[in-house]
Amino acid sequence: MIDAPRGRATAHSLPAAVAILAAATGFAATLWCWSQGGGVLDLPWAASLDIRLRFELDGLGALYTLLATGVALPVFVYAARYLPAHLAQQRRPASHAPRFYGLLVLFMVSMAGLAMAQDMVALFVFWDLTAVASYFLIAYDRHEDSARWAALMALLVTGVSAVLLLIGALVLYAEYGTFSVPELFERAQPGGTLTLAGGLIAVAAVAKSAQVPLHFWLPRAMAAPTPVSAYLHSAAMVAAGVLLLGRLYPLIEPSALLRDGLLVVGGASIAVGGVIALTRDEMKQLLAYSTFSQYGYVVFLYGLGGAKAAVAAAFYVISHALAKSALFLTAGAVTQATGSKKLSEVGGLARDLPLLAAASAAAVAAIVALPLTVGFFADELFFAAALERGPWAAALAVAAAGLTFAYLGRFWIAIFLGPPTPSGRVPAAMLVPVAALGACLVATGLWPEPVASLAAAAGEASVRAPTSAAVAYHLDARSENLMALATWSIGLTLLALPALWRAPAGAVARLGTRVGPERLYAAGLRRVNRLSDRVHDLEVRDLRARVAAVLVPAGALVALGVLATPTAGSYRVGEIAARDAALVLMLALACVAAVAATLQNHHLTLTLVLATLGFALAGVYAFFGAPDVALVAVVVETLLALLLFGVLALIPAQVLRREAEIRTRGSRRWRDPLIGVVSGLFAFVLAWGALSRPSPERSVAAEHIELAPDAHAKDVVTAILADFRGLDTLGEVTVVAVALIGVVALLRRGRLW
Amino acid sequence: MTLIPALAVGVLFGCGAFLLLKPDLFRIVAGIVLVAHAANIALISSGLERGQSPIHPLAEGPVSDPLVQALTITALVIGFAVTALLLCLAYGIYVSSKTVDLDDLSHAEARDERELEREEVSV
Amino acid sequence: MSLLVQGLARLLLAPILMVAFAVLVKGYADVGDGFAAGAIASLAILLQYIAFGREQTERTLAIRLLPAAAFVGLLSALAITAAPLASGDPLLTHTPGAGTEPIHLGTLELIGAFAFDIAVFLLVLGATLGIIHAIAREAERVEGIEPR
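Chains as they are written, first to last, in the numbering used here: chain R, 1 to 753; chain P, 1 to 123; chain W, 1 to 148.
Just to be clear, a hint being listed does not mean it is correct.
[To be verified] Beta-carbon label-pair distances, calculated as ranges:
hint, chain 1, residue 1, chain 2, residue 2, range
1, P, Leu89, R, Asn601, 21 to 31 Å
2, P, Leu89, R, Arg572, 40 to 50 Å
3, R, Asp145, P, Glu115, 23 to 33 Å
4, W, Glu140, P, Leu89, 17 to 27 Å
5, P, Glu115, R, Arg148, 24 to 34 Å
6, P, Pro57, R, Arg579, 15 to 25 Å
7, W, Glu140, R, Asp145, 48 to 58 Å
8, W, Arg141, R, Gln654, 16 to 26 Å
9, P, Gly61, R, Val573, 49 to 59 Å
10, R, Asp710, P, Glu109, 19 to 29 Å
11, R, Arg657, W, Ala79, 45 to 55 Å
12, P, Leu89, W, Glu101, 19 to 29 Å
13, R, Pro709, P, Leu89, 40 to 50 Å
14, R, Arg546, P, Glu115, 19 to 29 Å
[What the hints assert, rightly or not] Covered stretches of chain R (chain P as the covering partner; in silico rule of three or more C-beta atoms under 8 Å from a C-beta of chain P):
hint, region
15, 334-347
16, 623-629
17, 685-692
18, 695-705
19, 715-721
Simulated from the structure, these hints should not be mistaken for lab results. Ideal Cβ placement from N, Cα and C applies to all residues, glycine included.
One chain only, chain R, in its complex shape:
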């Protein structure tokens, strides 16, 4: 179907414009609010559960909100140009476009909410909102199996770990009685509970930031369209994990165990991500591995502990987010221009796309920590914090940074240098965002004060002590500069001698595929599916198994209840006077009829026995002093018996005879009567217990009896039915009307007459 050009343009341009406007407004508003010194919004939400909606724009909140809205701006502009081509290439109508922008804006808003939330439950809600938005965005190309698989994987990994976050919050609530984050900070005492809760929160954060061993969803999530990868999976959603670490750092920092755990996880992520990134051929895959390797730096810094490390972590997040989204947008632009997604298939594009080459060079330089970019200061702070910890941390830091240099250098060189391959043009709307981000990185490299103050404020919110971040260019032989030099030399060596690392890195990558956590995930998912199938077979296949599955546990639970409650005075026999003899006899007749009904094989006699039961019960009602009920019972029983005869007459005799002659075999011969006896017992106990404890208050029925003459009625029951409780009767007659509709639909295909 060919959309009219104008319709297509509106479907794309209007939502894009709204999204861009929303991002710009959010950014400006946050900036203004932050310049005014921040603010607090505190609303009661569920007062009885101690949950409040508390949002505070402190340093950490401002940082991540500015990041979420600021990175959104170039990404949305990029998407406005990218999406029409993407949809056209997949032959999808333009009406799919508004959903994309809507989801992106939803994500942006939930990220902002997450950054500013100061209540554990609000944190959890926004955390899950980001996961849900991410799910739909990753699976935007719904027809692709890989996209759906990736989206489910991301949702399961981040969603299941989100439950751990909630459990941690509940543990803290049980211990300290509050969900509010500032109050928790005041009340928290180091100890087992805090370590447990902190551990659970840390696991949730680690899963969200795609750290080892829960990293396997991020490379798969690259099946999403490029703007999604650039926004969510480099700058926003994975940043949510380290945001959580930063926000709840006072709960995690006291425990040395947790900090060491974070060190290990961060270090492993850096290593695994870096090594495998060296071997990747597909551009977005390389960037994905690079992303969680870089977030490994941040987790590592949080594991180091202390004010300096917290500031360094915040600084790193800013620098990485800006640079990585620029690189993702670059990869998307290159794919757009050349039509290929692999590094081996492109090359030498610096001549045709000079602006793109320059902008992405700035981004690479930022991550690799070359001077004149803000990344240089990020690494400087990183090295300073590592040095404080000890020489081993410093060595690790240098090795990590060298690795980063190597794989990102390889990325840029493979795309822009070397023998040229044919490429088309990249539209301006896709170039400008990359250039803007690159320029931003260089500008903050020359003037880092705003970023530094923001990072310092964020660090202050994390460690709750005054911090400072003094970053400047120092041209002396201080240790950080030496470490930076060492990093670049290692990186250049690795770049120059690929034979050094190609074999071992490839081996590591293959090992990961074979025994890595992704296999565990796939196996686990298969097993869960099989379990679900088996439960389905058990439960749904057989109606009787389902019925038994309800009756038997119910009987067991009632039995437990009976055993657990004191029985003195719970069960009264009640007075039985001589005048009740008729009542007892009729009840006995009803019971005999019921038992006889179970023994009947022939359907006709079954009907007659049921009719006997009904009439006996009518007599019971009469002897209970209820003539109205007895009348209705007699008439209804007559109708039902005739109805039953009528329907049975519709079925051929041999079908009924076959049913009558079936003998129950095997275990069902004793299993069914046993279940019947058990259910009968539990109904008896329940009824006896209930009847033995009449309500001590005056019944409203006495009022009804008194008021009936005022309602011009002598028969109280009719007055109750038609007057006092007329709404109940209305419901009942509706049921009768619905039954009529049902019968007519079944037997007469909807024709009433």
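Position chains P and W relative to chain R; hints supplied.
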């Protein structure tokens, strides 16, 4: 007068539960009828007083609880409507599957599912 | 069907309907209410079905529109329930008010709840007849009798 109606409730419910486990659709409906009757007995015996019928002018002495009577009438009529619908449903099942036996129905369902899966795999 | 049964059925139709109507009308003064009345009336017509078969019954008795009357009854019941809202009273407010004398039709008192009862009567009668008719038609289809 609390033990005897409770006994009746127990017996009726037990017999109804037993019939619910049979493979014959009509016996299942009979089981439902029995369970409904058990509920009605429980309902009417939970009246707070038992005596003369609640129709003015009232003589001296206890008056039967009219509220549970009204509720029991409601329950009886609803039970009738639902049973009528269930019977026609059983007949409808017979018309579409030519059987009123649950075992046959579940075998047929399993067969259909296996065929569906075979089709999916081959496609 | 034997002549005895048919004769008795024809004889009993009017009295049973009379009893049903009586139960409906005296429901407020004595035993009886809308449901019982509707069910008794439908039993009368069911007796005719059994004695004379579907076709003849439907030819001699004007019961074509009764299943549709069930929905008329339902709607009237809803209307009667909601009517007091028009004058600002809550649902199902008793008319006339407590203590005032209602209009008398002989010894029958015409009160709002009586109209409700009539609606219920119509509904039960219509529903039961609709079900009976559906089953009777299905029985004919099964036996291969072509409807004329």
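Tested hints:
Between Leu89(P) and Asn601(R), the C-beta spacing of about 23 Å keeps the proposed range 21 to 31 Å intact. The hint said 40 to 50 Å for the Cβ distance between Leu89(P) and Arg572(R), and at roughly 42 Å that hint holds. Look at Asp145(R) against Glu115(P): about 25 Å separates their beta carbons, and that is inside 23 to 33 Å. At about 20 Å, the beta-carbon gap between Glu140(W) and Leu89(P) stays in the expected band of 17 to 27 Å.
The hinted range of 24 to 34 Å is satisfied by Glu115(P) and Arg148(R), whose Cβ atoms lie roughly 26 Å apart. Between Pro57(P) and Arg579(R) the CB atoms are about 22 Å apart, so this pair conforms to the stated range of 15 to 25 Å. At about 55 Å, the beta-carbon gap between Glu140(W) and Asp145(R) stays in the expected band of 48 to 58 Å. The given range of 16 to 26 Å is respected by Arg141(W) and Gln654(R), whose C-beta atoms sit roughly 19 Å from each other.
The hinted range of 49 to 59 Å is not satisfied by Gly61(P) and Val573(R), whose Cβ atoms lie roughly 23 Å apart. Remark: the range hint 19 to 29 Å for Asp710(R) to Glu109(P) is contradicted by a beta-carbon distance near 59 Å. Take Arg657(R) and Ala79(W): their Cβ atoms lie about 50 Å apart, and the range 45 to 55 Å holds. Hint check: Leu89(P) to Glu101(W), Cβ distance near 50 Å, so the stated range 19 to 29 Å is violated.
Restraint check, Pro709(R) to Leu89(P): a C-beta distance of roughly 45 Å satisfies the suggested window 40 to 50 Å. Between Arg546(R) and Glu115(P) the Cβ separation comes to about 24 Å, which falls inside the hinted range of 19 to 29 Å. Closer than 8 Å: that is the beta-carbon criterion, and the region 334-347 of chain R has 0 residues meeting it against chain P, so the requirement of 3 is violated. Residues of the region 623-629 of chain R with a Cβ under 8 Å from some Cβ of chain P number 6, which satisfies the need for three, so the listed coverage holds.
Figure legend: the region 685-692 of chain R, annotated as covered by chain P; annotation consistent (6 residues with Cβ-Cβ distances under 8 Å, at least 3 required). Figure legend: the region 695-705 of chain R, annotated as covered by chain P; annotation consistent (6 residues with Cβ-Cβ distances under 8 Å, at least 3 required). A count of 5 residues in the region 715-721 of chain R with a Cβ less than 8 Å from any Cβ of chain P is obtained; the coverage claim is therefore met, three being the minimum.
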